[in-house]
Amino acid sequence: TLDLVNAQGLVVKTFVNNRLQDGNYEMAFSTEGLASGAYFLRMRTAAYSSTQQVLIVE
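Here the sequence shown is numbered in my numbering, starting from 46 and rising by one per residue.
Please keep in mind that the hints were generated in silico from the structure rather than gathered at the bench. Treat the numbers as computed from the prediction; the structure is a model and nothing was measured. The beta-carbon is built from N, C-alpha and C at its ideal position, and this holds for glycine as well. Mixed in with the good hints there might be a few duds.
[Claimed, not checked] Label-pair distances were calculated between CB atoms; the ranges are:
{"no.": "1", "residue 1": "R64", "residue 2": "V102", "range": "32 to 42 Å"}
{"no.": "2", "residue 1": "G54", "residue 2": "G78", "range": "14 to 24 Å"}
{"no.": "3", "residue 1": "D67", "residue 2": "E103", "range": "33 to 43 Å"}
{"no.": "4", "residue 1": "E103", "residue 2": "R64", "range": "29 to 39 Å"}
{"no.": "5", "residue 1": "N69", "residue 2": "V99", "range": "14 to 24 Å"}
{"no.": "6", "residue 1": "A52", "residue 2": "M88", "range": "28 to 38 Å"}
Turn these sequences into a full structure, and let the hints steer you where they fit.
In structure tokens:
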């Protein structure tokens, strides 16, 4: 899965919720409806987990 999580740990958007082929991916997403602030992109697979902080500024 690939989720955008707020500072309280709540998922505010889910970008990917299915299985993808191995490889490199690139995506853009709209920040419409999101307040300015710190968020976290959280990627999880069966064998791997990664979290990256992102800042959204209006």
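Right, here's what the structure says about each hint:
1. The given range of 32 to 42 Å is respected by R64 and V102, whose C-beta atoms sit roughly 33 Å from each other.
2. Here the CB-CB span from G54 to G78 is close to 19 Å, well matched to the stated 14 to 24 Å.
3. Take D67 and E103: their Cβ atoms lie about 36 Å apart, and the range 33 to 43 Å holds.
4. The beta-carbon spacing between E103 and R64, approximately 34 Å, falls within the hinted interval of 29 to 39 Å.
5. The hint said 14 to 24 Å for the Cβ distance between N69 and V99, and at roughly 19 Å that hint holds.
6. Look at A52 against M88: about 18 Å separates their beta carbons, and that is not inside 28 to 38 Å.
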